[in-house]
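Chemist: Per mature numbering (1 follows the signal peptide of the UniProt record, and there is no 0): the sequence shown = residues -17 to -1, 1 to 443.
None of these hints come from the bench; they were simulated from the model.
Among the hints, erroneous ones may be present.
Distance condition first, Cα-Cα at most 25 Å in a straight line; then the derived PhoX-like pairs of lysine-lysine [what the hints assert, rightly or not]:
id : residue 1 : residue 2
1  : 281       : 235
2  : 355       : 434
3  : 123       : 191
4  : 297       : 397
5  : 191       : 138
6  : 342       : 17
7  : 379       : 355
8  : 297       : 281
9  : 434       : 326
10 : 106       : 132
11 : 255       : 216
12 : 216       : 235
13 : 11        : 106
14 : 138       : 123
15 : 321       : 397
16 : 132       : 120
17 : 93        : 106
18 : 255       : 321
19 : 120       : 134
20 : 342       : 385
21 : 120       : 138
22 : 245       : 255
23 : 134       : 123
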Amino acid sequence: MKFLFSLMLLSSFAANAQELFKLKGEIKNPTEDKLVITLYRNWVEEPEDYNLFLDSTNQFSFEASLDEIAYLDINYGLNGVLFQIIEPGDDIFLDVNTDDFYESFLPSGKGSEKWLYYLSHRKRFELVIDAERDLFKYIKDGPEVYGGKLKALRKEQLALLDEFRRNVSEDFFRLRRADITGRIDQYYLDFLISNDMLNMVMNNFEMKTITPNLQDKSFEYGFFVESLIEAYKTSIGTEDKEGILDDYTFLKYAFTRDLIGKPIAERLIAHKISTDLDINGYSIDSETAVRNFSEFAKNQNYLDFLNQKLSMVKGKSLGEAAPNFSLLDTEGHAFSLKDFRGKKLLIVFWASWCEPCLKDLTYLPIINNYFKNSKNLNILNIAIDTPEDFANVVSKGENASKSSRVDPNSEFLKAYGIHTVPSYLLIDENGNWLEDQLIEPSFDEGRGLIKQMETIFSKI
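Work the whole structure out from these sequences, hints included.
Modeler: Next comes the structure, spelled out in C-alpha coordinates:
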(Lines of atoms letter the chains of each structure in order from A and count residues from 1; the text may use other names and numbers.)
(Lines give C-alpha, C1' and ligand atoms only; values in the text may rest on other atoms or scores of the structure.)
Protein backbone atom coordinates (compact mmCIF):
# COMPACT_ATOMS: atom_id res chain seq x y z
CA MET A 1 0.00 0.00 0.00
CA LYS A 2 1.25 3.47 -0.85
CA PHE A 3 0.57 6.64 1.09
CA LEU A 4 0.43 10.29 0.11
CA PHE A 5 3.34 11.72 2.06
CA SER A 6 3.02 15.48 1.76
CA LEU A 7 -0.52 15.46 3.07
CA MET A 8 0.13 12.91 5.78
CA LEU A 9 2.39 15.52 7.34
CA LEU A 10 0.04 18.42 6.80
CA SER A 11 0.33 19.64 10.37
CA SER A 12 4.08 20.13 9.99
CA PHE A 13 3.82 23.19 7.76
CA ALA A 14 1.56 26.17 7.44
CA ALA A 15 -1.81 25.95 5.75
CA ASN A 16 -3.31 28.69 3.64
CA ALA A 17 -6.95 27.65 3.66
CA GLN A 18 -9.68 29.56 5.44
CA GLU A 19 -10.56 27.16 8.24
CA LEU A 20 -9.48 23.91 9.84
CA PHE A 21 -11.48 20.73 10.00
CA LYS A 22 -10.68 19.08 13.33
CA LEU A 23 -11.31 15.49 14.31
CA LYS A 24 -10.31 13.91 17.61
CA GLY A 25 -11.43 10.76 19.31
CA GLU A 26 -10.85 7.78 21.53
CA ILE A 27 -10.94 4.09 20.62
CA LYS A 28 -11.93 1.90 23.57
CA ASN A 29 -10.68 -1.71 23.56
CA PRO A 30 -8.50 -1.09 20.48
CA THR A 31 -7.64 -3.96 18.18
CA GLU A 32 -5.45 -1.85 15.87
CA ASP A 33 -2.92 0.88 16.63
CA LYS A 34 -4.06 3.25 13.90
CA LEU A 35 -6.93 4.59 11.81
CA VAL A 36 -6.72 5.35 8.11
CA ILE A 37 -8.47 8.50 6.98
CA THR A 38 -9.08 9.47 3.36
CA LEU A 39 -9.97 13.06 2.48
CA TYR A 40 -11.64 13.90 -0.84
CA ARG A 41 -11.43 17.60 -1.65
CA ASN A 42 -12.90 17.04 -5.10
CA TRP A 43 -13.30 14.19 -7.60
CA VAL A 44 -10.39 15.04 -9.90
CA GLU A 45 -7.40 15.56 -7.64
CA GLU A 46 -5.90 12.58 -5.82
CA PRO A 47 -7.56 11.68 -2.50
CA GLU A 48 -5.40 12.22 0.56
CA ASP A 49 -4.60 9.25 2.82
CA TYR A 50 -3.62 9.75 6.45
CA ASN A 51 -2.39 7.25 9.04
CA LEU A 52 -3.53 8.28 12.53
CA PHE A 53 -1.73 6.35 15.25
CA LEU A 54 -3.34 6.01 18.66
CA ASP A 55 -1.43 7.55 21.55
CA SER A 56 -0.84 5.96 24.96
CA THR A 57 -4.41 6.81 26.00
CA ASN A 58 -5.88 5.30 22.78
CA GLN A 59 -6.76 8.73 21.42
CA PHE A 60 -6.10 10.23 17.99
CA SER A 61 -6.11 13.71 16.54
CA PHE A 62 -6.38 15.04 13.00
CA GLU A 63 -6.56 18.46 11.37
CA ALA A 64 -6.88 19.47 7.73
CA SER A 65 -7.28 22.88 6.16
CA LEU A 66 -10.44 23.22 4.06
CA ASP A 67 -11.70 26.09 1.97
CA GLU A 68 -14.94 24.33 1.04
CA ILE A 69 -17.11 21.34 1.87
CA ALA A 70 -15.43 17.93 1.37
CA TYR A 71 -15.84 14.19 1.99
CA LEU A 72 -14.09 11.89 4.45
CA ASP A 73 -13.61 8.13 4.99
CA ILE A 74 -12.61 6.66 8.33
CA ASN A 75 -11.39 3.05 8.42
CA TYR A 76 -10.45 1.18 11.56
CA GLY A 77 -9.69 -2.47 10.95
CA LEU A 78 -12.69 -3.93 9.15
CA ASN A 79 -15.04 -1.16 10.33
CA GLY A 80 -15.52 2.36 9.17
CA VAL A 81 -17.67 5.10 7.67
CA LEU A 82 -17.42 6.17 4.04
CA PHE A 83 -17.99 9.42 2.17
CA GLN A 84 -19.09 11.50 5.14
CA ILE A 85 -19.59 15.14 4.22
CA ILE A 86 -17.44 17.49 6.31
CA GLU A 87 -17.12 21.27 6.41
CA PRO A 88 -14.52 23.91 7.27
CA GLY A 89 -14.80 24.78 10.96
CA ASP A 90 -16.06 21.38 12.09
CA ASP A 91 -14.55 20.35 15.44
CA ILE A 92 -15.68 16.80 16.15
CA PHE A 93 -14.88 14.26 18.86
CA LEU A 94 -15.60 10.56 18.22
CA ASP A 95 -16.05 8.04 21.00
CA VAL A 96 -15.91 4.46 19.72
CA ASN A 97 -15.80 1.05 21.40
CA THR A 98 -14.57 -1.81 19.22
CA ASP A 99 -16.80 -4.28 21.08
CA ASP A 100 -19.65 -2.79 19.03
CA PHE A 101 -18.21 -0.26 16.63
CA TYR A 102 -21.38 1.17 15.12
CA GLU A 103 -23.64 1.04 18.18
CA SER A 104 -21.00 2.83 20.26
CA PHE A 105 -20.06 5.33 17.53
CA LEU A 106 -20.82 8.64 19.26
CA PRO A 107 -19.90 11.99 17.66
CA SER A 108 -20.02 15.29 19.56
CA GLY A 109 -18.88 18.86 19.02
CA LYS A 110 -19.32 21.42 16.27
CA GLY A 111 -20.56 19.79 13.09
CA SER A 112 -21.49 16.50 14.77
CA GLU A 113 -25.14 16.86 13.77
CA LYS A 114 -24.16 15.71 10.28
CA TRP A 115 -22.65 12.56 11.74
CA LEU A 116 -25.77 11.94 13.85
CA TYR A 117 -27.82 12.21 10.67
CA TYR A 118 -25.64 9.57 8.98
CA LEU A 119 -26.11 7.27 11.96
CA SER A 120 -29.89 7.68 11.72
CA HIS A 121 -29.79 7.05 7.97
CA ARG A 122 -27.75 3.89 8.46
CA LYS A 123 -30.06 2.60 11.17
CA ARG A 124 -33.24 3.22 9.20
CA PHE A 125 -32.13 2.14 5.73
CA GLU A 126 -29.44 -0.45 6.41
CA LEU A 127 -30.07 -2.05 9.80
CA VAL A 128 -33.83 -2.08 10.39
CA ILE A 129 -34.32 -3.03 6.73
CA ASP A 130 -31.75 -3.16 3.98
CA ALA A 131 -33.78 -0.84 1.78
CA GLU A 132 -31.50 -0.85 -1.23
CA ARG A 133 -31.09 -4.63 -1.29
CA ASP A 134 -34.85 -4.92 -0.92
CA LEU A 135 -35.16 -3.20 -4.32
CA PHE A 136 -33.89 -6.30 -6.10
CA LYS A 137 -37.18 -8.05 -5.39
CA TYR A 138 -38.82 -5.72 -7.91
CA ILE A 139 -36.17 -5.65 -10.60
CA LYS A 140 -38.10 -8.05 -12.86
CA ASP A 141 -41.41 -6.21 -12.51
CA GLY A 142 -40.75 -3.68 -15.25
CA PRO A 143 -39.71 -0.02 -15.29
CA GLU A 144 -42.94 1.37 -13.84
CA VAL A 145 -42.94 -0.85 -10.74
CA TYR A 146 -39.20 -0.65 -10.16
CA GLY A 147 -39.15 3.09 -10.84
CA GLY A 148 -42.05 3.59 -8.42
CA LYS A 149 -40.18 1.75 -5.65
CA LEU A 150 -37.13 3.94 -6.27
CA LYS A 151 -39.21 7.12 -6.06
CA ALA A 152 -40.74 5.93 -2.78
CA LEU A 153 -37.30 5.18 -1.34
CA ARG A 154 -35.96 8.57 -2.41
CA LYS A 155 -38.95 10.30 -0.83
CA GLU A 156 -38.40 8.43 2.44
CA GLN A 157 -34.68 9.17 2.51
CA LEU A 158 -35.23 12.85 1.75
CA ALA A 159 -37.87 13.00 4.49
CA LEU A 160 -35.29 11.81 7.02
CA LEU A 161 -32.85 14.45 5.79
CA ASP A 162 -35.58 17.09 6.22
CA GLU A 163 -35.88 16.10 9.88
CA PHE A 164 -32.28 17.21 10.41
CA ARG A 165 -32.43 20.32 8.24
CA ARG A 166 -32.65 22.88 11.04
CA ASN A 167 -29.58 21.37 12.73
CA VAL A 168 -27.25 21.26 9.72
CA SER A 169 -25.93 23.86 7.29
CA GLU A 170 -27.74 24.58 4.05
CA ASP A 171 -24.61 23.55 2.15
CA PHE A 172 -24.66 20.13 3.77
CA PHE A 173 -28.40 19.75 3.25
CA ARG A 174 -28.24 20.53 -0.48
CA LEU A 175 -25.15 18.39 -1.11
CA ARG A 176 -26.56 15.43 0.78
CA ARG A 177 -29.82 15.81 -1.13
CA ALA A 178 -27.82 15.62 -4.37
CA ASP A 179 -26.07 12.47 -3.11
CA ILE A 180 -29.37 10.78 -2.35
CA THR A 181 -30.81 11.72 -5.73
CA GLY A 182 -27.69 10.58 -7.54
CA ARG A 183 -27.66 7.19 -5.83
CA ILE A 184 -31.35 6.53 -6.60
CA ASP A 185 -30.94 7.69 -10.21
CA GLN A 186 -27.93 5.40 -10.58
CA TYR A 187 -30.08 2.42 -9.58
CA TYR A 188 -32.64 3.28 -12.25
CA LEU A 189 -29.94 3.87 -14.86
CA ASP A 190 -28.43 0.45 -14.08
CA PHE A 191 -31.90 -1.04 -14.53
CA LEU A 192 -32.33 0.57 -17.96
CA ILE A 193 -28.87 -0.56 -19.08
CA SER A 194 -29.36 -4.15 -17.90
CA ASN A 195 -32.70 -4.32 -19.73
CA ASP A 196 -31.33 -2.94 -23.01
CA MET A 197 -33.31 0.28 -22.72
CA LEU A 198 -30.46 2.60 -23.72
CA ASN A 199 -32.78 4.60 -25.95
CA MET A 200 -34.51 5.81 -22.79
CA VAL A 201 -31.49 6.90 -20.77
CA MET A 202 -31.58 10.63 -21.52
CA ASN A 203 -35.35 10.94 -21.13
CA ASN A 204 -35.87 9.51 -17.66
CA PHE A 205 -33.90 11.86 -15.42
CA GLU A 206 -34.67 15.42 -14.37
CA MET A 207 -31.06 16.52 -14.12
CA LYS A 208 -31.78 20.22 -13.80
CA THR A 209 -33.31 19.68 -10.36
CA ILE A 210 -29.69 19.49 -9.13
CA THR A 211 -27.68 22.64 -9.83
CA PRO A 212 -24.56 22.34 -12.01
CA ASN A 213 -22.24 23.21 -9.12
CA LEU A 214 -23.83 20.56 -6.91
CA GLN A 215 -23.51 17.99 -9.68
CA ASP A 216 -19.79 18.71 -9.77
CA LYS A 217 -19.34 18.59 -5.99
CA SER A 218 -21.57 15.60 -5.19
CA PHE A 219 -19.93 12.20 -4.96
CA GLU A 220 -23.04 10.22 -5.90
CA TYR A 221 -24.60 12.58 -8.41
CA GLY A 222 -21.38 13.25 -10.26
CA PHE A 223 -20.71 9.57 -10.78
CA PHE A 224 -24.31 9.05 -11.88
CA VAL A 225 -23.87 11.72 -14.56
CA GLU A 226 -20.64 10.06 -15.69
CA SER A 227 -22.45 6.71 -16.02
CA LEU A 228 -25.36 8.38 -17.81
CA ILE A 229 -23.11 10.03 -20.40
CA GLU A 230 -21.28 6.75 -21.03
CA ALA A 231 -24.62 5.00 -21.54
CA TYR A 232 -25.75 7.74 -23.92
CA LYS A 233 -22.46 7.43 -25.80
CA THR A 234 -23.12 3.73 -26.25
CA SER A 235 -26.72 4.34 -27.32
CA ILE A 236 -25.64 6.51 -30.26
CA GLY A 237 -22.86 4.14 -31.32
CA THR A 238 -19.73 6.13 -30.47
CA GLU A 239 -18.38 3.94 -27.66
CA ASP A 240 -15.61 2.56 -29.89
CA LYS A 241 -13.87 5.95 -29.95
CA GLU A 242 -11.69 5.68 -26.87
CA GLY A 243 -8.79 8.12 -27.38
CA ILE A 244 -8.44 11.00 -24.94
CA LEU A 245 -9.21 13.57 -27.64
CA ASP A 246 -12.33 11.59 -28.57
CA ASP A 247 -13.41 11.64 -24.92
CA TYR A 248 -12.75 15.37 -24.70
CA THR A 249 -14.69 16.10 -27.88
CA PHE A 250 -17.68 14.01 -26.84
CA LEU A 251 -17.96 15.52 -23.36
CA LYS A 252 -17.69 19.03 -24.77
CA TYR A 253 -20.37 18.06 -27.30
CA ALA A 254 -22.60 16.89 -24.42
CA PHE A 255 -22.16 20.31 -22.84
CA THR A 256 -22.87 22.25 -26.02
CA ARG A 257 -26.01 20.15 -26.54
CA ASP A 258 -27.09 21.14 -23.01
CA LEU A 259 -27.06 17.51 -21.88
CA ILE A 260 -24.78 18.41 -18.97
CA GLY A 261 -23.78 21.65 -17.26
CA LYS A 262 -20.33 23.17 -17.52
CA PRO A 263 -19.09 22.40 -13.95
CA ILE A 264 -19.81 18.67 -14.29
CA ALA A 265 -18.43 18.71 -17.84
CA GLU A 266 -15.18 20.14 -16.47
CA ARG A 267 -15.07 17.47 -13.77
CA LEU A 268 -15.64 14.62 -16.22
CA ILE A 269 -13.13 15.92 -18.78
CA ALA A 270 -10.47 16.53 -16.12
CA HIS A 271 -11.00 13.06 -14.69
CA LYS A 272 -10.67 11.49 -18.15
CA ILE A 273 -7.43 13.34 -18.85
CA SER A 274 -5.98 12.47 -15.44
CA THR A 275 -6.83 8.79 -15.91
CA ASP A 276 -5.30 8.80 -19.40
CA LEU A 277 -2.05 10.25 -18.01
CA ASP A 278 -2.00 7.55 -15.32
CA ILE A 279 -2.54 4.69 -17.76
CA ASN A 280 -0.82 5.83 -20.94
CA GLY A 281 1.67 8.41 -19.74
CA TYR A 282 2.59 11.44 -21.80
CA SER A 283 1.49 11.76 -25.42
CA ILE A 284 0.90 14.57 -27.90
CA ASP A 285 -2.83 13.86 -27.57
CA SER A 286 -2.76 14.21 -23.76
CA GLU A 287 -0.89 17.51 -24.04
CA THR A 288 -3.42 18.72 -26.62
CA ALA A 289 -6.28 17.67 -24.34
CA VAL A 290 -4.82 19.62 -21.41
CA ARG A 291 -4.28 22.67 -23.63
CA ASN A 292 -7.84 22.51 -24.95
CA PHE A 293 -9.19 22.02 -21.44
CA SER A 294 -7.28 25.10 -20.27
CA GLU A 295 -9.12 27.16 -22.87
CA PHE A 296 -12.50 25.67 -21.95
CA ALA A 297 -12.49 25.31 -18.16
CA LYS A 298 -12.79 27.79 -15.31
CA ASN A 299 -12.15 25.50 -12.32
CA GLN A 300 -8.67 26.60 -11.25
CA ASN A 301 -8.09 23.56 -9.03
CA TYR A 302 -8.65 21.24 -11.98
CA LEU A 303 -6.49 23.39 -14.26
CA ASP A 304 -3.59 23.55 -11.81
CA PHE A 305 -3.79 19.82 -11.10
CA LEU A 306 -3.77 18.76 -14.75
CA ASN A 307 -1.01 21.15 -15.78
CA GLN A 308 1.17 19.99 -12.90
CA LYS A 309 0.43 16.34 -13.63
CA LEU A 310 1.15 16.76 -17.34
CA SER A 311 4.44 18.49 -16.57
CA MET A 312 5.41 15.71 -14.17
CA VAL A 313 4.51 12.89 -16.57
CA LYS A 314 6.16 14.60 -19.53
CA GLY A 315 9.32 15.27 -17.52
CA LYS A 316 9.61 11.60 -16.55
CA SER A 317 9.64 10.28 -20.11
CA LEU A 318 12.04 7.35 -20.12
CA GLY A 319 15.34 8.22 -21.78
CA GLU A 320 15.01 11.93 -21.01
CA ALA A 321 17.33 13.72 -18.59
CA ALA A 322 16.28 13.58 -14.95
CA PRO A 323 16.25 16.96 -13.16
CA ASN A 324 19.50 17.79 -11.38
CA PHE A 325 19.35 18.29 -7.63
CA SER A 326 21.54 19.44 -4.77
CA LEU A 327 20.95 17.83 -1.37
CA LEU A 328 22.76 17.26 1.93
CA ASP A 329 23.60 13.78 3.15
CA THR A 330 23.19 12.74 6.79
CA GLU A 331 26.67 14.04 7.59
CA GLY A 332 25.94 17.48 6.16
CA HIS A 333 27.89 17.06 2.91
CA ALA A 334 26.40 18.44 -0.31
CA PHE A 335 25.90 16.18 -3.31
CA SER A 336 24.03 16.29 -6.62
CA LEU A 337 22.83 14.01 -9.38
CA LYS A 338 26.04 14.71 -11.28
CA ASP A 339 28.03 12.97 -8.53
CA PHE A 340 26.49 9.67 -9.59
CA ARG A 341 27.41 9.96 -13.28
CA GLY A 342 29.00 6.79 -14.60
CA LYS A 343 26.92 4.55 -12.35
CA LYS A 344 23.30 3.56 -12.32
CA LEU A 345 21.29 5.07 -9.48
CA LEU A 346 18.38 3.54 -7.57
CA ILE A 347 16.54 6.27 -5.63
CA VAL A 348 14.42 5.08 -2.71
CA PHE A 349 11.80 7.42 -1.24
CA TRP A 350 10.55 6.54 2.24
CA ALA A 351 9.27 8.09 5.49
CA SER A 352 9.51 7.36 9.20
CA TRP A 353 5.78 6.72 9.58
CA CYS A 354 5.50 4.41 6.53
CA GLU A 355 5.57 0.77 7.65
CA PRO A 356 5.95 -0.72 4.13
CA CYS A 357 8.89 1.64 3.59
CA LEU A 358 10.67 0.44 6.72
CA LYS A 359 10.15 -3.16 5.67
CA ASP A 360 11.57 -2.45 2.20
CA LEU A 361 14.66 -0.80 3.68
CA THR A 362 15.69 -4.05 5.36
CA TYR A 363 16.05 -5.71 1.93
CA LEU A 364 18.15 -3.01 0.31
CA PRO A 365 21.46 -4.55 1.46
CA ILE A 366 20.53 -7.66 -0.56
CA ILE A 367 19.98 -5.51 -3.66
CA ASN A 368 23.15 -3.53 -2.99
CA ASN A 369 25.32 -6.62 -2.49
CA TYR A 370 23.99 -8.36 -5.59
CA PHE A 371 24.81 -5.46 -7.93
CA LYS A 372 27.80 -4.10 -6.02
CA ASN A 373 30.55 -5.25 -8.36
CA SER A 374 28.89 -6.25 -11.60
CA LYS A 375 26.59 -3.37 -12.43
CA ASN A 376 28.06 -0.24 -10.80
CA LEU A 377 24.85 0.52 -8.93
CA ASN A 378 24.48 3.24 -6.33
CA ILE A 379 21.50 3.41 -3.96
CA LEU A 380 20.25 6.76 -2.67
CA ASN A 381 17.81 6.70 0.25
CA ILE A 382 15.72 9.85 0.64
CA ALA A 383 13.52 10.19 3.71
CA ILE A 384 10.54 12.52 3.37
CA ASP A 385 10.30 13.72 6.94
CA THR A 386 10.58 16.62 9.32
CA PRO A 387 14.01 16.91 10.99
CA GLU A 388 12.49 15.79 14.29
CA ASP A 389 10.93 12.62 12.89
CA PHE A 390 13.99 11.77 10.81
CA ALA A 391 16.28 12.02 13.84
CA ASN A 392 14.55 8.97 15.33
CA VAL A 393 15.02 6.75 12.26
CA VAL A 394 18.16 8.07 10.57
CA SER A 395 20.02 4.78 11.07
CA LYS A 396 17.36 2.84 9.11
CA GLY A 397 18.38 4.54 5.87
CA GLU A 398 22.11 4.00 6.15
CA ASN A 399 22.24 0.70 4.21
CA ALA A 400 22.81 2.60 0.98
CA SER A 401 25.49 4.44 -0.97
CA LYS A 402 24.12 7.70 0.36
CA SER A 403 21.25 8.81 2.60
CA SER A 404 19.42 12.14 2.78
CA ARG A 405 16.25 13.85 4.02
CA VAL A 406 13.92 16.34 2.36
CA ASP A 407 10.89 18.24 3.61
CA PRO A 408 7.45 16.98 2.49
CA ASN A 409 6.87 20.18 0.45
CA SER A 410 10.32 20.12 -1.17
CA GLU A 411 10.73 21.42 -4.72
CA PHE A 412 12.91 18.37 -5.36
CA LEU A 413 9.90 16.08 -4.84
CA LYS A 414 7.76 18.16 -7.18
CA ALA A 415 10.47 18.02 -9.85
CA TYR A 416 10.66 14.24 -9.54
CA GLY A 417 6.88 13.78 -9.40
CA ILE A 418 6.93 11.97 -6.06
CA HIS A 419 3.59 12.03 -4.24
CA THR A 420 3.55 8.66 -2.51
CA VAL A 421 5.83 6.48 -0.43
CA PRO A 422 7.35 4.06 -0.89
CA SER A 423 8.48 5.09 -4.38
CA TYR A 424 11.45 3.92 -6.44
CA LEU A 425 13.21 5.41 -9.47
CA LEU A 426 16.04 4.10 -11.59
CA ILE A 427 18.41 6.50 -13.40
CA ASP A 428 21.08 5.44 -15.87
CA GLU A 429 24.81 6.28 -15.98
CA ASN A 430 24.16 9.48 -17.93
CA GLY A 431 21.54 10.90 -15.57
CA ASN A 432 18.53 9.90 -17.69
CA TRP A 433 15.27 8.27 -16.59
CA LEU A 434 15.60 4.49 -16.86
CA GLU A 435 12.51 3.14 -15.03
CA ASP A 436 9.85 4.55 -12.70
CA GLN A 437 7.73 1.41 -12.12
CA LEU A 438 9.89 -0.81 -9.93
CA ILE A 439 8.96 -3.78 -7.75
CA GLU A 440 9.20 -3.22 -4.00
CA PRO A 441 12.49 -4.53 -2.52
CA SER A 442 10.58 -6.64 0.02
CA PHE A 443 8.80 -8.65 -2.70
CA ASP A 444 10.15 -12.21 -2.66
CA GLU A 445 12.90 -11.05 -0.28
CA GLY A 446 14.53 -8.86 -2.92
CA ARG A 447 14.55 -11.42 -5.72
CA GLY A 448 11.68 -9.75 -7.59
CA LEU A 449 13.44 -6.40 -7.86
CA ILE A 450 16.77 -8.04 -8.70
CA LYS A 451 15.18 -9.96 -11.58
CA GLN A 452 13.41 -6.84 -12.86
CA MET A 453 16.60 -4.75 -12.74
CA GLU A 454 18.62 -7.47 -14.45
CA THR A 455 16.08 -7.43 -17.30
CA ILE A 456 16.25 -3.63 -17.54
CA PHE A 457 20.07 -3.59 -17.54
CA SER A 458 20.25 -6.30 -20.21
CA LYS A 459 18.39 -4.05 -22.65
CA ILE A 460 20.71 -1.06 -22.28
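Chemist: Is it true that the CA of residue 216 sits at most 25 Å from the CA of residue 235?
Modeler: At roughly 13 Å apart (the allowed maximum being 25 Å), residue 235 and residue 216 satisfy the hint.
Chemist: Starting from residue 342, check that the Cα of residue 385 is at most 25 Å away, please.
Modeler: Judged against 25 Å, a Cα distance of about 18 Å means the pair holds.
Chemist: Within a Cα-Cα threshold of 25 Å, do residue 134 and residue 123 meet the stated pairing?
Modeler: 17 Å, holds
Chemist: With a cut-off of 25 Å on the C-alpha distance, tell me whether residue 297 and residue 281 pass.
Modeler: 23 Å, holds
Chemist: Do the alpha carbons of residue 434 and residue 326 lie within 25 Å of each other, as the hint requires?
Modeler: Within the cut-off at roughly 19 Å; holds.
Chemist: Run the distance test for residue 191 versus residue 138: straight-line Cα separation, threshold 25 Å.
Modeler: 18 Å, holds
Chemist: Is the hinted pair residue 255 and residue 321 satisfied, with a Cα-Cα distance of at most 25 Å?
Modeler: Outside the cut-off at roughly 37 Å; violated.
Chemist: What's the verdict on residue 281 and residue 235, does the C-alpha distance respect the 25 Å limit or exceed it?
Modeler: Distance ~14 Å between residue 281 and residue 235 Cα, so the pair holds.
Chemist: Run the distance test for residue 120 versus residue 134: straight-line Cα separation, threshold 25 Å.
Modeler: 15 Å, holds
Chemist: Please work out if residue 132 and residue 120 have their alpha carbons no farther apart than 25 Å.
Modeler: 10 Å, holds
Chemist: Residue 342 and residue 17 were given as a pair; does the straight-line alpha-carbon distance stay at or below 25 Å?
Modeler: Holds: residue 342 and residue 17 sit about 18 Å apart, inside 25 Å.
Chemist: Below or equal to 25 Å on CA atoms is what counts here, so check residue 255 against residue 216.
Modeler: 15 Å, holds
Taken one by one, the earlier hints fail for this structure at numbers 3, 18, listed in ascending order.
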